[in-house]
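Model the placement of chain B on the given structure of chain A, informed by the hints.
Protein chains: 2
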Amino acid sequence: MLSDRISSFIDEHMKAFTGELARFLSIPSVSTLGEHAADVLAAAEWVLRQLKECGFSGALYPTGRHPVVLARSAEVPGAPVLLIYGHYDVQPPDPLDEWLTPPFSPDIRDGYIYARGATDDKGQLLTYINAVQAVLGVNGELPINLIVLAEGEEEIGSTNLGKFLADHREQLRADAVAISDTSQLAPGIPAITYALRGLCYLQIDIRGPRFDLHSGCFGGIVHNPAQVLADVLQKLKNPDGSIAIPGFYDDVLALEQWERQQMAAQPSDLDALKNYLGVCEFAGEPGYTVTERSTARPTLDINGLWGGFSGEGAKTIIPAKAGAKVSMRLVPNQIPEKIDQLFTRFVRQLCPAGVSVEFAGLHHAGPVLVNRNTSAMRAAERAIEIGFGKKPRFKRDGGSIPVVNLIREQLEQENILLLGWGSPDDGPHSPNERFSLDDFHRGIRSAAALFFELAR
Amino acid sequence: MLSDRISSFIDEHMKAFTGELARFLSIPSVSTLGEHAADVLAAAEWVLRQLKECGFSGALYPTGRHPVVLARSAEVPGAPVLLIYGHYDVQPPDPLDEWLTPPFSPDIRDGYIYARGATDDKGQLLTYINAVQAVLGVNGELPINLIVLAEGEEEIGSTNLGKFLADHREQLRADAVAISDTSQLAPGIPAITYALRGLCYLQIDIRGPRFDLHSGCFGGIVHNPAQVLADVLQKLKNPDGSIAIPGFYDDVLALEQWERQQMAAQPSDLDALKNYLGVCEFAGEPGYTVTERSTARPTLDINGLWGGFSGEGAKTIIPAKAGAKVSMRLVPNQIPEKIDQLFTRFVRQLCPAGVSVEFAGLHHAGPVLVNRNTSAMRAAERAIEIGFGKKPRFKRDGGSIPVVNLIREQLEQENILLLGWGSPDDGPHSPNERFSLDDFHRGIRSAAALFFELAR
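Residue numbers (this note's numbering), protein chains in the order written: chain A, 1 to 456; chain B, 1 to 456.
To be clear, the hints were calculated from the coordinates, so they are not data collected in a lab.
There could be a bad hint or two in this list.
[Claimed, not checked] Among chain A residues calculated to face chain B with C-beta under 10 angstroms, some are:
#1 Ala37
#2 Ala38
#3 Gly220
#4 Asp340
#5 Leu342
#6 Asp397
#7 Leu437
Bear in mind the structure is a predicted one, so any value in this text is a computation, not a measurement.
Each residue gets a CB set at the ideal place from its N, CA and C atoms; glycine is no exception.
With the rest of the complex left out, here is chain A (with noise of 0.2 angstroms):
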């Protein structure tokens, strides 16, 4: 339900939400780069500040590194409670050449607002905070209880929200939890995610020589460690795409008909994907459908790599070190603890003797399935529709969001939503992120909607 006046107060108050959002994707909040410190606390307070100006109480909880905001509305008694997640950090914005505009000035072209973090997280996690003003601004008060939680953690593993969520379970107890920090299945198709991929995330050290050698002197003498490297990250493949560490499908849950019949189902695009992507072909696992690759299987790949001089021109020499980033997105019933050692594993019997590897754990998160009867979930579907105007679909993400797990287990909470205002082709982690300014409308919409449809 959403009433006409609370419409048109969106529809009405877009620009000025649209300028909200440009102020907060100018606050470089990149939660990695600890140069980046002081930018992401002004992100924390610019959400805590809004939170406020509705007449939520809340605050700013130190942690680790990055604060948690924790707000919540005036109480409505007898009405159930909504946490909703989301966070105000994002990823690097490199390659800066390859953006057309600066990722922290955003701009607005074509219907888009372009600036790092537009789409992930920050353009969904405001449409909440718009939709209470909207609700606030026609009704003078909310139908619902809500907490906001916005972390400074999720591009970095989340690493301190597990023990927050543990010291405060008493204050995040809620009826459901919203998260939008997916997409929709396609521009204008709404979705709800039933489940996410986990991740394996590790760095890779290669040592060989004690100093970079010179390659006319020493070539052919010792192990190089880009080449070990090399040889290392191949033999991780099969030959036929799927990958080759031993007990790395194990646990794997395998798929059902009905769920490979309704993927299949689903409207897809493939050249339009091939374009947007700009491959002429797909690569992969065999005996699976793209979709299903890209969401419902797990998969392996290179996050980045370097050894030696990549500069102008020519050196020769041999590097003394080599290293690659390595992840690995997995499916349940897989555990990233034990994929980590089965990868550890496996990458130390491929170096030879003359060289020595070391490991960094950069990031764990597991795999999520999401119960899709409950009451929440109707509700959830009725606000998307009267959001975006179509009943949503259900779906699987390739992505992981680590706080999913962290809520069910810290929390006990199995009644999570996953609603995804943004469209696959926005390029979160990419140059030149979106968000498109019809969906963060629509975001607002079923966002204000969701308030009624769980209060009902």
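Showing chain B alone in chain A's frame:
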């Protein structure tokens, strides 16, 4: 022959000569980096000034990039002509954080001078100028006609030198050429190099999706350029360490039995070498000794590789591109242009359709075999025995000195004397490059003796 007076003059002036070397080394003449162009020019001017102070006539000759220093001593009618080649440019100093003292602030400790270019090639080049100073200081005249040719592009492939030699053929007519850009066999065991490896140095650039992608959304459906790069680099080598490029070994001239016996008889301390390199085992082509593999067999090394995120922490992207610098050391009778073609054809075959690959040829140099049976070679042997107090050995060198081929081709000069004053553990191209002050001393003595022995 070296008179007692010249010998004493050198001994007495070592402090001054070392001071000159320190001044020369303090000029950061890194030829490959555009930002150092003015420093490269300053180094050229420094060399020319030294020579002019010795009564040489000469000038800087502009080329497409860095100038050639060409200077000639006052004419000694009837005496033979020795062309001395050296280079005043140096390799980049990175990785900077591994230098104990800054690369362009020469530091003297434990009998060595530490700086980029100490042994390669500023220190060795300067021995000839100091030798001229000593002979003139005592005798007032030289026994021989000297031409000094010093270039500023040796570390970037001597790309403009061929044309310069062709254009100045008459001015460069000489009875022999001396080049001190190699090393002794071992510290205190002088050597004359009679073979050099060639070089074929390429850059591979692989592009996949048109921008960095979120590995959660698109992991498992596109070719990851970093993975393709690793796959390609892995397939360049066979499991036994030999090179897998089809046809790569076709033109390799097999080592003769006498040569292998001579190499086996040379003093070598493999444990000391392992210790110096900081490796617990050697690698490389089976069926050949460490000495053979590092000097007389072709090799392939990754000099650098890059792609995606290499910063602090975790970034979950599929990089849009990845690349590597790969160089192959070649031996007689391999042809760099042919190897280049075999390499690029093979890599193209290995790349899947979903990515594009581009190549940049950064450096080509042919391998070298010098005639050991000439009177100039005998004169060099005697000069080294005078300078070092020991007869030199003959050896093959693993590095490449492109100018040797250019001199043979453009000047039709076969009397090429590769006289290394440095030590194999001087660390050319590495952090903490150094040159022993004893070797500097012996090099100056040998250079002075060479003037007299060639004039006999």
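> Can Gly220/A be said to touch chain B, with a Cβ gap under 10 angstroms?
Replying inline: Since the shortest Cβ distance to chain B is 4 angstroms, the answer is holds.
> Taking the least C-beta to C-beta distance, is Leu342/A closer than 10 angstroms to chain B?
Replying inline: 18 angstroms, violated
> Holds or violated: Leu437/A as interface residue toward chain B, Cβ cutoff 10 angstroms?
Replying inline: 21 angstroms, violated
>> Would the hint on Ala37/A be counted as holding, given a Cβ-Cβ threshold of 10 angstroms to chain B?
In response: 12 angstroms, violated
>> A closest beta-carbon separation below 10 angstroms is what the hint needs, so does Asp340/A meet it against chain B?
In response: 13 angstroms, violated
>> Hint validation: Asp397/A versus chain B, beta carbon distance must be below 10 angstroms. Holds or violated?
In response: Status holds, d = 7 angstroms.
> Was the hint right that Ala38/A lines chain B, CB cutoff 10 angstroms?
Replying inline: 17 angstroms, violated
Comparing the model with each numbered hint stated earlier shows that hints 1, 2, 4, 5, 7 do not hold.
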